[in-house]
Each structure stands twice: as structure tokens, then as C-alpha cells.
Amino acid sequence: MRTRVFLLVLIAVAAVVFFAARLVSNDYVFFAGYTVLQFVVLATAWNILGGYTGYVNFGSAAFFALGAYATVFLHKLYPLPIPLLIVTGGIVSGIVGFGMGYLTLRLRGAFFAIATLALAIVLQTLVVNWDYVGGSRGAYIIRPNEIAFIGPYIQYLFLLMLALAVIALTIARGIERSQLGYGFATIRDDELAAEASGVPTLRLKLVATTMSGALMGMAGAPFPYYIGYLQPSSAFALDYAVNSIAMPMIGGTTSWVGPLIGAILLGSLQQIATVTISSAVNLLIVGLLLVAFVIIAPNGIVGLVQGWMRGRAK
Amino acid sequence: MGEQVGLSFDLLVNALIAGILLGGFYTAVTIGVSISFGILDIVNIAHPAFIILGSYIAYIVNARLGLDPIATSVVMLPAFYVLGAGIYQVYYESFERRGQEALRGLSFFFGLLFVTEVMLILVFGVDYRYVEAPYIGPSWRIGVVDLPLRMLVPCIAALAMFAALELYLSYTFIGRAISAVAQDQLALRLMGASPIRIKRIAFGISIATAAVAGALLIIIQPVEPSVGREYIGRVFAICVLGGLGSLPGTVIGAMLLGIIESFTATFYGPSWAPAVAFGVLLLTLAFRPAGLLGR
Amino acid sequence: MASPLLEVTAVSKRFGGFVALDGIDFTVAEGERVGLIGPNGSGKSTLVNCICGTLVNETGSVRFNGETVDRLLTHERTRRGMARSFQLPRPFTTLTVADNLRVPLLYTVNARPGRALSPAELDARCVELLQLVGLADKATHLPRDLTQVEMRKLELARAMAAEPKLLIADESMAGLSHSEVDDIVGLLIRLNERGITIILIEHIMRAVMRFSQRLIVLVSGKKIADGTPDTVIRDTEVERAYIGQ
Numbered sequence: 001m002r003t004r005v006f007l008l009v010l011i012a013v014a015a016v017v018f019f020a021a022r023l024v025s026n027d028y029v030f031f032a033g034y035t036v037l038q039f040v041v042l043a044t045a046w047n048i049l050g051g052y053t054g055y056v057n058f059g060s061a062a063f064f065a066l067g068a069y070a071t072v073f074l075h076k077l078y079p080l081p082i083p084l085l086i087v088t089g090g091i092v093s094g095i096v097g098f099g100m101g102y103l104t105l106r107l108r109g110a111f112f113a114i115a116t117l118a119l120a121i122v123l124q125t126l127v128v129n130w131d132y133v134g135g136s137r138g139a140y141i142i143r144p145n146e147i148a149f150i151g152p153y154i155q156y157l158f159l160l161m162l163a164l165a166v167i168a169l170t171i172a173r174g175i176e177r178s179q180l181g182y183g184f185a186t187i188r189d190d191e192l193a194a195e196a197s198g199v200p201t202l203r204l205k206l207v208a209t210t211m212s213g214a215l216m217g218m219a220g221a222p223f224p225y226y227i228g229y230l231q232p233s234s235a236f237a238l239d240y241a242v243n244s245i246a247m248p249m250i251g252g253t254t255s256w257v258g259p260l261i262g263a264i265l266l267g268s269l270q271q272i273a274t275v276t277i278s279s280a281v282n283l284l285i286v287g288l289l290l291v292a293f294v295i296i297a298p299n300g301i302v303g304l305v306q307g308w309m310r311g312r313a314k
Numbered sequence: 315m316g317e318q319v320g321l322s323f324d325l326l327v328n329a330l331i332a333g334i335l336l337g338g339f340y341t342a343v344t345i346g347v348s349i350s351f352g353i354l355d356i357v358n359i360a361h362p363a364f365i366i367l368g369s370y371i372a373y374i375v376n377a378r379l380g381l382d383p384i385a386t387s388v389v390m391l392p393a394f395y396v397l398g399a400g401i402y403q404v405y406y407e408s409f410e411r412r413g414q415e416a417l418r419g420l421s422f423f424f425g426l427l428f429v430t431e432v433m434l435i436l437v438f439g440v441d442y443r444y445v446e447a448p449y450i451g452p453s454w455r456i457g458v459v460d461l462p463l464r465m466l467v468p469c470i471a472a473l474a475m476f477a478a479l480e481l482y483l484s485y486t487f488i489g490r491a492i493s494a495v496a497q498d499q500l501a502l503r504l505m506g507a508s509p510i511r512i513k514r515i516a517f518g519i520s521i522a523t524a525a526v527a528g529a530l531l532i533i534i535q536p537v538e539p540s541v542g543r544e545y546i547g548r549v550f551a552i553c554v555l556g557g558l559g560s561l562p563g564t565v566i567g568a569m570l571l572g573i574i575e576s577f578t579a580t581f582y583g584p585s586w587a588p589a590v591a592f593g594v595l596l597l598t599l600a601f602r603p604a605g606l607l608g609r
Numbered sequence: 610m611a612s613p614l615l616e617v618t619a620v621s622k623r624f625g626g627f628v629a630l631d632g633i634d635f636t637v638a639e640g641e642r643v644g645l646i647g648p649n650g651s652g653k654s655t656l657v658n659c660i661c662g663t664l665v666n667e668t669g670s671v672r673f674n675g676e677t678v679d680r681l682l683t684h685e686r687t688r689r690g691m692a693r694s695f696q697l698p699r700p701f702t703t704l705t706v707a708d709n710l711r712v713p714l715l716y717t718v719n720a721r722p723g724r725a726l727s728p729a730e731l732d733a734r735c736v737e738l739l740q741l742v743g744l745a746d747k748a749t750h751l752p753r754d755l756t757q758v759e760m761r762k763l764e765l766a767r768a769m770a771a772e773p774k775l776l777i778a779d780e781s782m783a784g785l786s787h788s789e790v791d792d793i794v795g796l797l798i799r800l801n802e803r804g805i806t807i808i809l810i811e812h813i814m815r816a817v818m819r820f821s822q823r824l825i826v827l828v829s830g831k832k833i834a835d836g837t838p839d840t841v842i843r844d845t846e847v848e849r850a851y852i853g854q
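Residue numbers (the working numbering), protein chains in the order written: chain W, 1 to 314; chain P, 315 to 609; chain G, 610 to 854.
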């Protein structure tokens, strides 16, 4: 019930965001906003596994790219509406997430992290060698200029990503307040004690890897339409892997608010910075912030604010 | 790869030799992680970034002063050791002591990996860099076997480094204390050695090996900042394959991966090589997990 | 009396070349209070881990409540009514004390057929359990705020929350004061009076002697004695093992 109220509030906020963006009547707002929202989805998805269960995924770019390439593949077979492509992208990445989890999650956590790191390189190798989806040259996706009811196509893409962000945040918050959330937290804290308390740890970890992977794939599915020309290097860009870790870590990993704050802050910062400085400096800032935050503020911005409020209460 | 080649004997032997030479070099790349991950249980995924840093230092010194890359790397050993010891101190204070190595410790190393790579891009750009040395280019030919010195010299240097480390770990007091860190911290305290100090020394050594590995890397192939990423999968695949914490195991794992990659490159084309390491890693994790836990 | 609640037959476990458990046999009847003792490294904790499914024994078999549980994972054994506490307390550090108890309630009690506690009932159960062990005023604290003895109580309460038939209490009361030890032993006896079978693993002999109706002694992975505390303690073999320590 409360989740339903939360969903309604989020939808209302999303509607306000969308119509406010339309008032600006500048397509750049939608292009930039799409990227920020995409990071909201990625960071939230990463946090469902990383923040809630404590298993680190370095291969966000791979899951994202899988969704994007599922779209390219299907687009060549038969052009489908994007919402359907989002669903297929989610399924493909979800299956890969499940498989990765199944192979590595019975071992120590580090093995899962290492395997995800290697996954990105392998999938990129596969795509580079796969001519049907464009190989190393890349693939063009012709984006229509207009769409019925909404107008400019970029606004349609923006709206879709907004909807995905709403879905991802609702899922994340729903997990936190459910039995699943308690189960995830016990995995993060102590797996042995969790098992002894009746928590089926392996099954829950698989639920987390599948959900997290699927959401990342869904975030990637509309990407070819957004960018118009998809190259392996842009789909597998390290930006995604770094940002989807840095954003929750900087925002705070224990609740859905953290990734949201991190994504909006870092995402907007990068959108502004790309205009003014080079993208390499941009990424350097993200990397340095990540290192600084994990050392100095282990619970991120949310943790800092909580600490500050507790301090004031005393 | 265009022409059709039968499964000729020459080709097989050359692929095998090339694999062994490559494996020797992989030993140098992996041995540091074998110490940090295998013995100290520190998942230093940033190791390849330090290797690339070593490559660039060898490149600068070679380009400016014309010094041999391997000689440069030996001179750089103390600097890398200090860097490693410093990183361990931060890691210990911030994560290990607080019991937060899983999530934040890993993210810390990921951040280091990333920051190092981006800084190298900012300073040197994304162009490939290479070094000059008399042994780059010529090749020995023994019968049908081709022995490019560009591969042979790194292989020998790597195995020499392995031998030195193995002797150090087996026959010196601190070396044996390092081996003991993984198994028995209590015994270590009884010996009068502080586990933190021992781990700091060991981590320093593990990063020092990256200086040498980096020099060897830039002898074998031209280097740009993101090359390191290809080695992450390889390094951990070798570590896991050889059994964690065992240096001789690392050599065997490195040779095995080198041979598998060399055969893949010979028969399917070099663009598939990066996928091999991952396949090996996943298969090992899936089918030999008991051996991997170091029990 | 029908078949025993717990039946351990010829259980062996080795780590590499080291034999940790060597053909252990014993049974525990419903409602019993059994003490399991032995010097350090005698295999007590390994045995507990094999019974609970944390480790897999190479040979032998564990039967619980008339069912062979060898192929079941730890959480499945917990759901069938086997609960344990850990020698070193392992609380869920990011959950409050009350939420630590909520986990077994959600995942064990609610997972059993025919039971589904409403949120209000869950809250009530948490309070009830905390009152039982005397931690009611710490409900909203994080485990790091607890003292050592409170941590032990939380560990026991969490095991109890799973509503077990058998409680395996792997205790370590060393470092607790005299009265604190009595406190924990008293608590265990109260739990037993509520119908829970208990196996206590403990070093402090005073606690074990006060608690146990029967003693089992392990030395170097073998069972060397099994009987009433008085007879076991007079056993020459047991004496030798303990004097040798």
C-alpha cells in the first residue's frame, strides 16, 4: 500500500519534471536529462546488488551494452516499438546476470567481482567480432524525428527513461521494506549467520544479480535510438562501469535515496563539465571523488547528512 | 590468417613455443597479484594499472635517456615498493581495520585503477608508445622453431623474478612470515612479527613487481593507457587456475593460459584472444572451486 | 520414547590430511540437555558445523526428527527446527537488535506451512523474545552498542526466534563474570523447560556441569565418553585428556 503511494508520488514528480523540461523548449535539456536519468537507473540497479547484498559488479557496462545490442540485433530483424525492446533487453541482461551469479556466487564475493570485470572485456570481444551487429565499425539506427502525441523523438526517449527511473526506484524502495530487503541485508552482513537464520542466501543472491542485470539491460535498450550510431566502444564505455559504482558510493548505498542523489549530482556535474572541459578530466574527477568518498565518507552523502542530523539532535 | 593452413607440425610447435614465451611474460604480470590476492587476500584489481604505469616510466626513460627498459624497471623497484606500502597503509586504515574490504575496499582499488588510467591518458594521450632495445626485432631460429628475442628476453626476465621471489619467500625470515600471514596470524605474533607490517612489506613487493612487468610489457607490445584492462581478466584467471597463494602454481597457470591463447590466436585469429582468459576463468571457477579456496 | 530427535552416525570430516572428526556416533532424545565438551581443537565446532550443514561431512549421516538431512542446506535444516548460536557472536551488524530477530521470524517461522505472522504479530514476537533474554530496552540499538554478555543473549534470542526443536548453543562464556555465566545457564535451562532440546558446547566446566543431564566428550576428533556428568567426569580417559591439556 505504501509502495503504491510512493509510486504515485514518483509519477507525479516525473510528470512535473517532464512538463518543466518541455517549458524550457530546448532539446538539449532532453538530451542531457536522458543521460542523467539513464545513470539514475544504472546506479539504482547497481545498488540493488552492490549496496543491498554487498556483491560488487564491475561489469555494469557489459549489462548495459547487452541491452543496447539486443536492440540493434532485433532492429535488424524487425523494427519493434521501444518499450518492447526495453523488455527484451532486460530479459537478455537478466539471464546473463543470473548465469554469472550461478557460476560464481557459491565462492567468495571477490570472484564474482573479478568475473564481472572480465565479462565486459569478453562481451566486447564478441561484439567486435560479430559482423551482424556491426562489428568494430558499429551500427546505425535511424531515429524518426517525430512521434505521435509527444512530438520530438528525443522527448519520447526522455519520457521512456523517466518511466524506467520511476520503476527502478520503486523496485529498490520496495525491496528495502520487504522480507527480501532483510534477506539482502543479512547477506551483506554475515552469510553464515544468514543461512543459520533460515535465509536461502544463494537463491536471494541470484534474485539480486538477475534483477540488477535486467534493470541495467533495460537502461541500455533505448540507447541505440538515443545515440543513433552504436559502436562497441561507446556501448562498453568505462564511463558506465565507473559511474554506476561511484554514484551509489558517493550518494550512499544503504537506501534508494543514495544512488538517486549520486546520479543526479554526478550526472549533472558531468553534463555541465563536458561542455566546459574535456571528458577525460571529467572522468578523472569522478574517479577521484569515488576514492575520496570510500575513504572519508563510507556511507556517502546520505551518511554524512544522517551523521549531521544526529549531531544536531544531541 | 587468410591462407588455409593445415594442422602442420611446424605450426603446432611454433604455437606451443610462442605460448610458453607468452606464459613466461604472464608470470611477471601475475606474480604481484598472486602475492596480494593469493597470500594477503587483498583483491587488488588495480594491479594492471600499476603495470601500465611501469610501462610508461620505462618508455619515458628510454625515449629521453635511451636506457634499457628492464634496467630502468630495476632502478624503479624501490619507488614502486614505497608506493605499494603506502597504498596498503591507506587500505588497512580505511577498510581492512574496519572490516569493510568487500564493498569499499574493492571500490577503492577500482577507483585507483580508473584514476591511474585517466591520468595517463591526460598526460600521454591515447597513442601507442613503444621502446627501443637491441633485442627488439631480431629472432633466433632453431630448426623450424622461431624464437623472437622480443618474447624470449621478457620470458627469461620474468622467470628470474619468479625464482628470486620464491627463494625470498622460502628462505628468509620475512619471506616465511609473508607465507604464514595467510595461514596463521597467531603464529606470526608468536614469532614477534606484526601482521600489519608483514602485509605492508608483502604488498610493497607485489606492487614492485609491476615495475618489471610493465617494462616487459612495453618490450612485447606497444602500450596505451587502456591496455591494462585486458590484463585484469588474464591476471585473475591465471591466479585462480594456478591455485591461490602458490607462486609455482602461478607459473604453471601462466604457461597454460599463454599456450591456450597462442593456439587460439594461431587457429582462430588474435582478435579472439581476450575472450580466452575469461572463458578459462569461468570454467575454473565453475568446475574447480574447491581447489580455488586455497584449502 | 520413539526414535531420538538427533541421530549422528559415523560422521567423519577431514581438512586436507588433517582428520577433524573420526566416526562420531551419538543420539540426543527429545527434551534432553546435553553438554558437549573437549579440549581446543578436538572437533566440537566442526561437529556442530556438520550437524547444521555449514560443512559437509565426507562419511556418515545426520538424522533429525526422523529425516535424513545430509543433503539439506543450512537454511533448510533451520526451517526443519534446528537452530544454532555461534561461538563468536555473528550479529547482523547493520540491522537493529529487534530486526536481527525479525530475520529468522520472516525466513524460518513464516516459511513453515500454515504459519504467517502479521506485521503486528512479528513486532510482538520480537518484543517477547527480547524480554525473555532481557534485551527489551535495546530493541532499536545496533549490535555494536551491546556488551559482550548482551551480544551472547542476542545470539541466543536469534536462534530462539526460529522456534527450534533443537538448539545447538556453541557458547563461549570465557571472559564473562560469574553471575553472567549463571545468567546464561539459567536462560538455557528455562528454554529447555519450554520443551526445547539443547546441546551446549562450552569450556567452563562449572557451567556445563550445572546445565547438562548428559555429557559427551570429544578428543582429537573421537568420542571418548558419553554418559551422566558424574560418571563421565570420573572417567580416567577424560581425566587424562584434560590433564594433558
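Hint data in this document are derived by calculation from the structure and do not stem from the laboratory.
Just so we're clear, the structure is a prediction, and the values are computed from it rather than from any experiment.
A virtual CB, placed ideally from N, CA and C, is assigned to each residue, including glycine.
Certain hints may be false.
As the list claims (entries may be wrong) - One side of the interface only, derived from the structure: several residues of chain G facing chain W at Cβ under 10 Å:
1) Thr663
2) Glu667
3) Ser694
4) Ser829
5) Lys831
Status of each hint after checking the structure:
no., hint, in the structure
1, Thr663, "6 Å, holds"
2, Glu667, "19 Å, violated"
3, Ser694, "9 Å, holds"
4, Ser829, "25 Å, violated"
5, Lys831, "26 Å, violated"
Checked against the numbered hints given earlier, this structure breaks hints 2, 4 and 5; the rest are met.
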